[in-house]
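Each position in the first sequence, counted from 1, maps to that position plus 22 in this note's numbering.
Heads up, some of the hints might be wrong.
[Claimed, not checked] With a straight-line Cα cutoff of 25 Å, these simulated DSS-like cross-link-like pairs (lysine-lysine) come out:
(1) K137 with K27
(2) K178 with K188
(3) K60 with K387
(4) K387 with K274
(5) K82 with K234
(6) K397 with K27
(7) K234 with K27
(8) K137 with K368
(9) K234 with K137
(10) K178 with K241
(11) K334 with K368
(12) K60 with K137
[As the list claims (entries may be wrong)] If you anchor each label on the Cβ, the simulated ranges turn out as follows:
(13) G291 with K397: 35 to 41 Å
(14) A192 with A110: 56 to 62 Å
(15) I242 with R30: 37 to 43 Å
(16) S167 with K334: 23 to 29 Å
(17) A244 with A192: 44 to 50 Å
(18) N50 with P233: 20 to 26 Å
(19) G124 with M318: 22 to 28 Å
(20) G291 with N50: 36 to 42 Å
(21) I53 with G326: 38 to 44 Å
(22) I242 with A110: 26 to 32 Å
(23) D426 with A192: 19 to 25 Å
(24) W148 with E393: 34 to 40 Å
Rather than coming from a laboratory, the hints here were simulated on the basis of the structure.
Every residue gets a Cβ at the ideal spot worked out from N, C-alpha and C, and that includes glycine.
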Amino acid sequence: MIDPKLLRQAATDVAANLARRGFVFDTNAYIALEEQRKSLQIETEQLQSERNASAKSIGKAKAQGEDIEPLLAAVQDLGDRLESKTAALQSVQEQLSDIELGLPNLLDDSVPDGKDESDNAEVRTWGNPVELDFDARDHIELGESLNLLEFETAAKISGSRFTVMKGDLARLQRALIQFMLNTHTEEHGYEETYVPYLVRADALIGTSQLPKFEEDLFKIEADIPYYLIPTAEVPVTNFARDTIFDAADLPKRYTAHTPCFRSEAGSHGQDTRGMIRQHQFEKVELVHFVAAGESMDALEALTGHAEKILQKLELPYRVVALCAGDVGFGAAKTYDIEVWLPGQQKYREISSCSNYNDFQARRMKARRRTEEPGKPELIHTLNGSGVAAGRALIAVMENYQNEDGSIRIPEVLQPYMGGRSVINAA
RNA sequence: GGAGAGAUGGCUGAGUGGUCGAAAGCGCUCCCCUGCUAAGGGAGUAAGGGCUAAUACCCCUUCGAGGGUUCGAAUCCCUCUCUCUCCGCCA
23 MIDPKLLRQA ATDVAANLAR RGFVFDTNAY IALEEQRKSL QIETEQLQSE RNASAKSIGK
83 AKAQGEDIEP LLAAVQDLGD RLESKTAALQ SVQEQLSDIE LGLPNLLDDS VPDGKDESDN
143 AEVRTWGNPV ELDFDARDHI ELGESLNLLE FETAAKISGS RFTVMKGDLA RLQRALIQFM
203 LNTHTEEHGY EETYVPYLVR ADALIGTSQL PKFEEDLFKI EADIPYYLIP TAEVPVTNFA
263 RDTIFDAADL PKRYTAHTPC FRSEAGSHGQ DTRGMIRQHQ FEKVELVHFV AAGESMDALE
323 ALTGHAEKIL QKLELPYRVV ALCAGDVGFG AAKTYDIEVW LPGQQKYREI SSCSNYNDFQ
383 ARRMKARRRT EEPGKPELIH TLNGSGVAAG RALIAVMENY QNEDGSIRIP EVLQPYMGGR
443 SVINAA
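Make the full structure from the sequences, and use the hints.
Listed below in structure tokens is the structure:
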């Protein structure tokens, strides 16, 4: 959520910023509502004040044994007046809140202009796309010919966009996850966490998947209307919900491995083959809680931590700064890390690292006490994939393939694979 | 699943219709005293919102959440959520 005070004072500036995203903010409608809110709130609070004063004097009079009747008569219609004002105020505030919850975050000035993916700015590349002296196979071909990857079995059980992995491939994904968690906890200062995969709507509102993007989520049919998490960002970031951290508590870095569940509504026809885009995938997530003013540095650090994983795996990648039109709803700035996939001859997203500044914190009431005046102020939250395990698996398969269809195991993963260095057909 | 208890400020914990945003203790901050790492005395110490140039006044809201009764609710009524105890079941 954008600071309501800023919206009131500088609606036009906000609209100009959001316009960079292609988002239209109807400032006139907002300002009109805001004027109503102001007068209604002042009147309502005035009436509440009157009510409090009269109740107090009635109490006093009664204690002294005086006649209360005239006092009661004097406030007879106060309740009704208050009730109608309150109802009107509430209605206006709900309308304002609907608008506010629907506004995307302000973009950081450093975000490049642009409409869509094609306008994203390459920031840096690492490594060089592998030159194979044979025709590269994609992960589907590789996995199926090794008898370790079965889409038909998955379809039989759960339909499209699911995968069954077996043997060394299943183990390789587990190895990737272990390797990533160990790297982040041992080298990058993250605390490992284990979190719920089912969450309540409140948590999703806090991280801004709701109310706007419900169609992207799986909601379970049960007495309790849980949602399956689309990313560990949701449970982990909500650690900070309704919390006031001590100044010394921050910064905090958390990591978690979870499955992620996404309906992929709106991506029909995209990546229908293979396991690039699944309803369920494994991911290691990184989350930072930092003081306001430190989040831009934190974003660079966080992105670097995700990159480190690919470097250790020796997978070529590039980092792109998402352009104004491509930055997600709640983010002020986002770097995507794209890994090279020989099977597609393309860089594909494997991590997305975002600074939400106070956008999520305001929704979650996540604050810290400042050092000096000791006053609560909103913290900044960040998150990024460190990295998506399913896609990392694809990247390893395709980048480490041999001509005979076997797959070499990256050196850093070998300890997790019983010391072996290659995966052969089962 | 059955039976019961409870949710109050940073913590412990009073408070069952009126001057309670809330006793007391602890903790914390500042000051005083004390010639010695102790003790004592005093003051202060919630969050959110409105108004505003203001982090100054003033006002409003909040005692798990949401409704209700009342001139007035932490206190009474209803619903929900969560926590705890015992029994049962269970990875």
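Restraint status (C-alpha distance of K137 to K368 at most 25 Å)
21 Å, holds
Taking the CB of A192 and the CB of A110, does the distance hold inside 56 to 62 Å?
For A192 and A110 the Cβ distance comes to about 60 Å; the hint holds.
Kindly confirm whether 44 to 50 Å is satisfied by the beta carbon distance between A244 and A192.
29 Å, violated
For the pair D426 and A192, does the Cβ-Cβ distance stay inside 19 to 25 Å?
Hint holds: Cβ distance 21 Å, inside 19 to 25 Å.
Quickly compare the C-alpha distance for K178 and K241 to 25 Å and report which way the hint goes.
Within the cut-off at roughly 22 Å; holds.
Holds or violated: K387 and K274, Cα atoms, limit 25 Å.
At roughly 17 Å apart (the allowed maximum being 25 Å), K274 and K387 satisfy the hint.
Holds or violated: K234 with K27, Cα cutoff 25 Å?
Holds, at roughly 22 Å.
Given the hint of 20 to 26 Å, check if N50 and P233 actually sit that far apart at their C-beta atoms.
Distance hint for N50, P233 holds at roughly 23 Å.
CB of W148 to CB of E393, is that within 34 to 40 Å?
38 Å, holds
Taking 38 to 44 Å as the hint, is the beta-carbon distance of I53 and G326 inside that range?
42 Å, holds
I242 paired with R30, Cβ distance criterion 37 to 43 Å:
Given about 39 Å between the Cβ atoms, the range holds.
Is it true that the CA of K178 sits at most 25 Å from the CA of K188?
16 Å, holds
Of the numbered hints stated above, those contradicted by the structure are hints 1, 5, 12, 13, 17 and 22, listed in ascending order.
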